[in-house]
Structures are given as structure tokens and as C-alpha cells.
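Listed below, chain by chain, are the residues.
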Amino acid sequence: MSKGPAEGFLERSRKKQRFFLSMTVLILLLALFALGFGSYRLPLAKLLSSLLGQSDGVGSVVLWNIRLPRIAAALAVGGGLGLSGLLIQSLLRNPLGSPSTLGISQGAAFGASLAIIAWGGRVLSVTVFAFAGALGATVLIVGLGRLRNLTPEAIILAGVALSSLFGAATVLLQYLADETRLAMAVVWSFGDVARSGWREIAMVAGATAALGLAGASWRWHLNALDTGVESAKTLGVSVERLRWQGLVLAALVSALATAFHGVIAFVGLIAPHAARRLVGADHRFLVPLSGLLGALLLLSADTFSRLILGSGSFPVGVVTSFLGAPLFLYLLVRGRS
Amino acid sequence: MIVSVLDIQFSYNSHDVLRGVRFRVDPGQCVAVCGTNGAGKSTLLRCLNGLLRPRVGTVFLDGEDVELLGRKEVARRCASVPQQGHGTDLTVFDVVLLGRLPHCRWGPSKEDLVRVERILEEMGLAELAHRPLSALSGGEAQKVILARALAQAPRVLLLDEPTNHLDLKNQLGMMEAIRRVVHREGLAAVTAIHDLNLALRYCDRLLFLKGGRIHGAVEPSEVTPALIRDVYGVDAVIERIHGRWVVIPR
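So the protein lines, in turn, are chains A and B.
First residue of the first sequence? That's 1 in full-length UniProt numbering, and the numbers climb one at a time after it.
First residue of the second sequence? That's 1 in full-length UniProt numbering, and the numbers climb one at a time after it.
Read the hints as simulated data drawn from the structure, not as lab findings.
Everything hinted at is true.
If we take Cβ atoms under 7 angstroms as the criterion, some of the chain A residues that face chain B in the derived model are:
id : residue
1  : W220
2  : T227
3  : S231
4  : T234
5  : D282
EDC-like, lysine to aspartate or glutamate: derived pairs with alpha carbons at most 20 angstroms apart:
id : chain 1 : residue 1 : chain 2 : residue 2
6  : A       : K3        : B       : D112
7  : B       : K110      : B       : E122
8  : B       : K110      : A       : E11
9  : A       : K3        : B       : E121
10 : A       : K16       : B       : D89
11 : B       : K110      : B       : E121
12 : B       : K72       : A       : E240
13 : B       : K110      : A       : E7
14 : A       : K3        : B       : E111
15 : A       : K3        : B       : E127
16 : B       : K72       : A       : E230
17 : A       : K3        : B       : E122
18 : A       : K15       : B       : D89
Partial list, derived from the structure: chain A residues whose beta carbon lies under 10 angstroms from chain B:
id : residue
19 : G8
20 : R12
21 : S217
22 : H221
23 : G228
24 : S238
25 : G280
26 : R284
No residue lacks a Cβ here, since even glycine has one placed at the ideal position from N, Cα and C.
Let's have the full structure, built from the sequences with the hints guiding it.
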């Protein structure tokens with residue numbers, strides 16, 4: 001006897017849950033590899049003893065002060081950017097939406113540069129100004145979209161214009177800065193996951209978790225929105241409120257990620273697209289998978305940057321841009337064919 | 001009475017689209033809203049489900065002012081079948097399950113899944129349950145959106161040109177399904193429709209909009225050539241063929 005539609009629906013859900021489990025195991029294995037790999041080798045036995053606090057001083061220092069924070073930062077930032085990208089794309093019904101294509105990351109970068117150049121870069125001021133910049137860009141984009149009833153394509157063009165404006169303003173700030181602060185601002189602008197401490201990582205991870213929980217609680221509303229704004233309203237969804245709440249949370253996560261780690265492009269754009277190809281349009285699965293894929297992408301990019309240099313690494317933002325742009329073009333071409 | 005519309009007036013900028021529109025729809029009754037393009041049919045439907053707020057007048061659903069009900073409460077009482085919204089890659093089952101959204105707190109329950117399964121089977125859509133909506137034909141997709149509306153378990157059904165883009169067989173199938181469910185469940189249905197012959201065949205009453213006002217509110221047997229000429233500017237004869245009223249333009 002063939003299965004009924006409801007049983008088929010439940011079976012599909014179980015299959016995707018098994019897929020999530022495999023994805024989580026893959027991320028854990030990659031994290032384990034990344035923990036052991038580097039100029040100071042940590043074989044599995046030594047790695048485990050260091051994790052349990054039973055190793056010599058050097059192994060423990062390398063693990064707890066260098067590698068573990070870096071990997072935790074890659075997972076938290078990657079997951080956050082993947083989730084932000086998905087929320088922005090779904091809430092604006094625009095497949096090209098992401099913190100970097102809408103100028104949100106550039107707004108955060110401008111805010112952070114201003115804080116570094118004007119006040120020397122105290123953590124609190126960089127965070128607050130990065131958030132103000134990200135939120136300013138979000139308000140401008142959403143406000144313009146609502147006031148002028150812009151199409152999704154026009155919203156992306158407005159994002160490009162805004163990115164350019166924030167970029168020019170950042171360059172002007174750097175031109176006016178003294179050499180020390182200029183160097184600080186330039187180094188800060190390289191997207192890098194190796195510079196933050198546990199406190200910053202905890203802040204990004206907390207915001208990412210909040211965004212993930214919010215996204216999970218809005219999964220059905222986002223599905224309704226996928227059928228159209230008016231259609232979602234007739235299903236009882238308060239679309240405007242959902243948009244504002246989602247975009248402010250996404251801007252907060254992007255701002256924290258940018259404030260502590262610089263601009264990391266493409267993760268927020270690619271992770272949701274890849275997730276759609278793997279699990280379809282259902283936000284019950286898209287929300288967790290976008291976060292998982294974002295984390296996997298950034299950890300892979302960071303591990304790759306360490307692998308190809310042998311010792312040391314270069315900023316992960318460079319890797320995500322070099323790998324992300326061709327990968328995105330490939331996804332577009334594959335989608336068309 | 002389930003739907004009661006009291007003298008509503010609606011304008012886009014300074015252009016009056018609806019002026020002093022007043023009517024009611026009783027349980028088990030299907031009312032067709034007819035008129036030329038731009039006569040305000042879709043605007044009227046959007047006023048009924050609270051998507052648009054009339055400048056003057058009130059819409060009552062089950063005796064309560066629609067503006068005072070929250071969006072979720074309106075969705076529990078009133079389901080809409082829009083002209084668009086069929087472009088999603090969600091599966092048919094997922095789309096119909098969305099109809100339970102106004103009744104859910106955290107997500108659909110086992111009972112919701114069973115209800116959706118029953119509706120899909122009744123509508124002959126069970127075979128398509130796991131296909132993406134975007135991969136279906138226009139007729140199939142329109143049936144899915146109607147199934148979603150039924151999953152909302154509404155008291156009022158609003159349909160915006162439900163037979164648009166459908167072939168003759170699917171037009172008849174869609175209108176038949178609407179009439180069947182309206183009579184069986186005792187719903188009040190309001191449908192904006194261009195095809196007068198479908199309206200005469202399947203609806204209990206026809207409202208003709210002209211210049212933002214109701215120019216005529218009649219039963220199928222009361223439609224006259226003069227009314228058609230007044231509303232559409234077209235000369236037509238109205239004949240009874242095989243027991244059904246038919247409008248034939250000259």
C-alpha cells in the first residue's frame with residue numbers, strides 16, 4: 001500500500017533530519033582536523049589530552065588560546081552570516097539579498113572605521129558604531145523600498161549604490177586619519193577570524209543563536225511569505241512587523257560579525273543558495289541548514305588559508321571572496337541550465 | 001448573515017474606486033462581483049479581508065468590524081484565493097498546510113496533517129502532494145490554492161478571478177468545486193469574475209460594479225440585456241439554454 005501524503009510529509013522531514021545530523025558530524029570532523037593542523041602539530045591523542053587539560057603547557061596554549069577561539073569564531077560568524085543572508089533574502093523576497101550585497105556589511109565597516117579612527121578602536125565603541133552603520137544601511141534600504149515601492153532588482157541596485165557610498169566615506173576617513181590609526185583601520189578591514197577573544201566570540205555566538213531561534217520560530221511565516229506578500233497577509237502574517245524584526249536581528253548579527261572580524265563577503269549570499277539547492281524552499285529546513293552551511297563554508301575557507309600557506313595564514317575574507325565569487329557564478333549558471 | 005458591507009468608500013490617492021458600496025452575503029451563498037476592468041472588483045475583495053482600509057464605511061465579518069479584528073483572527077474567519085502567489089517551490093502539501101497557520105501556535109499538529117491529507121484527497125490532489133507548486137499547470141495550482149483556503153476552515157471565502165488562465169474544463173471544475181464546498185460547509189463566498197456565463201451558472205447572486213457603485217444586485221434569472229449594456233456598453237441577448245441562463249453578445 002502506498003503511503004498517504006501526511007506520512008510522506010513526515011518521512012521527508014525525517015530524511016532531512018538525518019541529513020542535518022550528517023552535516024553536523026562533517027563540521028565536527030573538519031573542526032577536529034583544523035584543531036590538530038598547523039605549524040605546531042597536535043596529533044589526536046595530544047589534542048584530546050590538551051582538551052581535557054592533561055597536556056604540557058605549549059599544546060594547551062596553542063589549543064585554548066589560538067586554535068579553539070579561531071575555530072569557534074569561524075563557526076559562530078559563518079553560521080550568523082548564513083542565517084542573516086537567508087533572513088534578508090526571504091524577508092525581502094530577493095535572492096540576491098545578503099549583508100554584503102545590500103551594503104549592510106559596508107555600513108558596519110564604515111561605523112567601525114569611524115570608531116577606530118576617531119576614538120582609537122575601543123571594543124564597545126567599535127561594536128556600537130558598527131551596529132549603527134549596519135542598522136542605518138538596513139533602514140535606508142527598507143525605507144527606500146517601501147517609500148518608492150522598489151522592485152527586488154532596484155533594491156539590489158540601491159544596495160550597490162549604498163555600498164559604494166559607505167566605501168567612499170570609509171576611504172575619506174582613512175585619508176584623514178593619522179598613520180597609526182590608518183594602519184589599525186586597514187588591518188581591521190581585512191576579514192579575519194583569528195583576532196577575537198572568547199568574550200567577542202560569545203557575543204557573536206549569542207546573537208547567532210538568537211537569530212537561529214527567531215528564524216526557527218518564524219519558519220511557517222517565512223514559508224507563507226514565499227507564496228507572496230499579500231498571500232502571507234491573508235494567512236494571518238503581519239508581514240511588516242516580521243520584516244522589521246528579522247532585518248534588525250540580521251543587521252545586529254552582521255554588525256557584530258563585522259565589528260570583531262572585518263568584512264567577510266559571500267558567505268551570507270552563498271550559504272542560503274546552497275541550502276535551497278539541497279533541501280528546497282521549506283524554511284523548516286532552510287533555517288538550520290543555512291546556519292550550518294555558513295559555518296562549514298567559513299571554517300573550510302579558514303582551514304584552506306592555513307593549509308596553502310603551510311605556516312601562518314592570510315585573512316579569511318580574501319579566501320571567501322576568491323572562492324565565493326566563482327562558486328556563486330557556478331550556482332547561477334547551473335541554476336539556469 | 002456572515003458578511004455585511006455598509007456604505008464603504010475607498011480611494012487610491014484622490015481617485016474614488018468604491019463609493020457607497022453596501023451588500024450582505026448569507027451562509028451557503030455565492031456572490032459574483034462583476035464589472036469592467038478597473039471597476040474595483042479586486043479592491044472590494046481587499047476591503048473585505050482587511051488588506052485595504054475603506055475611507056468611509058464598515059465591513060462586518062460575523063458581526064464584527066474587520067478593522068478591529070487582528071490579522072490572524074481575520075485569517076481564521078476569512079480565506080482568500082488570490083490571482084497570484086503560485087510561484088513558490090514549496091510542495092503542494094506544504095502550501096496546503098499553510099492554511100492551518102492562522103490556527104497554530106508553534107506549528108501544525110498531527111490533526112492538522114490529517115486534515116490537510118483529507119482535503120487533498122477530496123480535491124483529487126493527493127497524487128501531487130510532494131511536487132513543487134511551481135511545477136504544476138495553472139489549473140492544478142489554482143486548485144491547490146483553493147485547497148489551502150479550505151484548510152483555513154473559514155466562514156468566508158474570497159476569490160479573485162479564480163478561473164483566470166484556466167481552460168474550459170478547468171474553469172468548470174474550479175467553479176463546481178467552489179459551489180460544492182460553499183453549499184456543503186455553509187460558507188459565504190464572494191468571487192470577482194469576468195466570465196458572466198460562469199457567474200450565471202454557479203453563483204446565487206450577481207453584483208455589477210460601475211463607477212465605484214453597485215449598479216445592479218440581481219439573481220441570475222434577473223440579469224437583463226439593458227443591465228449588460230449599462231455596465232459593459234455591449235449589446236447582448238440573454239437566453240435560457242438547457243435550463244441555464246446564457247449571455248450571448250450580439
